[in-house]
Amino acid sequence: MRPEGSKPLAGMLLRLTQADNVLVATGPAGPGIVAINGGGEIVLSESVTLGHKVAAQDIPAGAKILKYGVSIGSATQDIPAGAHVHVHNLRSDYTPTNILEETAKGAGNA
Amino acid sequence: MLEGYLRSDGRKGIRNHLAVVYLVECAHHVAREIAYPFREEGVHLIGFPGCFPNDYAQRMMESLCTHPNVGAVLLVSLGCESFNRFKLEKAVAETGRPVATLVIQREGGTRKTMERGHRWIRDTLPMLQQAQKVPMEVSELVIGTVCGGSDGTSGITGNPAVGLAFDRLVLAGATCIFEETGELIGCEAVMSARAKTPELGRELAASVEKAAAYYATLGFGSFAAGNAEGGLSTIEEKSMGAYAKSGSSQISGLIKPGEVPPRGGLYLMDVVPDGEVRFGFPNISDNAEIVEMMASGAHMTLFVTARGSVVGSALGPVIKVCANPETYARMAGDMDVNAGRVLSGTALAEVGNEIFDLTLKVAAGRQTASEALGHAEFILTYKSFEPAGPACLPT
Chain V
0 MRPEGSKPLA GMLLRLTQAD NVLVATGPAG PGIVAINGGG EIVLSESVTL GHKVAAQDIP
60 AGAKILKYGV SIGSATQDIP AGAHVHVHNL RSDYTPTNIL EETAKGAGNA
Chain P
0 MLEGYLRSDG RKGIRNHLAV VYLVECAHHV AREIAYPFRE EGVHLIGFPG CFPNDYAQRM
60 MESLCTHPNV GAVLLVSLGC ESFNRFKLEK AVAETGRPVA TLVIQREGGT RKTMERGHRW
120 IRDTLPMLQQ AQKVPMEVSE LVIGTVCGGS DGTSGITGNP AVGLAFDRLV LAGATCIFEE
180 TGELIGCEAV MSARAKTPEL GRELAASVEK AAAYYATLGF GSFAAGNAEG GLSTIEEKSM
240 GAYAKSGSSQ ISGLIKPGEV PPRGGLYLMD VVPDGEVRFG FPNISDNAEI VEMMASGAHM
300 TLFVTARGSV VGSALGPVIK VCANPETYAR MAGDMDVNAG RVLSGTALAE VGNEIFDLTL
360 KVAAGRQTAS EALGHAEFIL TYKSFEPAGP ACLPT
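Chains as they are written, first to last, in numbering that gives the first Met the number 0: chain V, 0 to 109; chain P, 0 to 394.
Worth flagging that the hints you see were computed from the coordinates, not collected in a lab. The model shown is predicted, which means the values in this text are computed figures rather than measured ones. Heads up, the beta-carbon is just placed ideally off N, CA and C, and yes, glycines get one too.
Partner residues are not named here, just some residues of chain P that face chain V (Cβ under 8 Å, in silico):
#	residue
1	150
2	151
3	185
4	211
5	219
6	222
7	228
8	229
9	230
10	232
11	233
12	234
13	235
14	236
15	239
16	323
Chain V extracted, bound-state conformation:
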């Protein structure tokens, strides 16, 4: 499972495969317009830190979240394009995710 497309650059968003409906931040990104590797850009509604995901398109509640071209769980609410996709709107189809509320948003990651 390797990223496809052109070389990623810090501060951009990575599209790991064409099938994905989320993008991955290669560093602190947003809010505002951020470039996508391999072409295009997207408006982030909030800031995200390195390694976090944002919706590449509008994702309806109940839809599968696709990363690396495969499902990594289901959306628990409607997620608009450019929004942070994480434990607050994505749940595992296997076992619940264990988090510490204090750190889950990635604040300590900046």
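Here the structure of chain V is known, so what remains is to put chain P in place on it, guided by the hints.
The following block gives chain P in isolation, referenced to the frame of chain V:
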């Protein structure tokens, strides 16, 4: 050309450690005090804390005390624990390694046992330090991989880079082991398709299904709070990243902890106990995973971290591959490879080649960052396994 320490079973070690082994937590302090003054001379401390007997722990300790990286063994027993020290000493003695057992209750307590232990190590170390090496091929290496403190960068940088290094090692005839079936949840189908036979493919999928059921009973996946802090949201997302460490080679077999792969190739280790849930979480922390791969003969471990693990391991070097560039900038002194630079344009293949080259250098004797810092963590807890089925190791 590599060189190794030839053992009586034909395997070769890349280090020549003296293991001081406590056989119950009650002997831990005495064993640590025995080993500590010699910690920079290759003397490492390992042990099992429990007082109740456990076949798995007995087998693991026998495998570790006869590991190719181990040249001599000093057992430290309190005297009344259930661990079978006689069987362990016999297993080590049969390999020709120097071995002795100190029983604290017989020696006359802490101080006398410590003095006797220090004396034994002083007498034994020169023999290890003067041991001659013999030529060793890359195909004789056994390499494990583990990830710990993963985040959203792991599956994009460090893990696939280790996967490329694994591909090259397997091509060179080496034995590679990946593990933690609880972190392969969601990958069953893609992984099974890489099995050498369809029967093995079914065994691989079954091992992951067993893990999913086991963790579901425990109520937690193999997922830590730091994983979420770094952008991972679900166990299947973490799994897809972790799975990338295995590279793209054919999967030659499924082994259980302590089982040594019969020949070169890529193997999955099934780390989740068989039967009903009994002793709690399969591997309570990263070092438990490293210990199990070493018990299956791994000479060293490629450890991918993103949040920033600092651990090494007793008895075998750990190469630390840092997936997250921000972590690397903060903690470079603990890391061997900066895989996060993939995010600023370095080709994944370049990092994969760097890991492969470093693996051979470390096999040839170069110290890793964690070795130089004195890291020699070790943990072993209760488990139970049934023997693997015949489909697990197709010929």
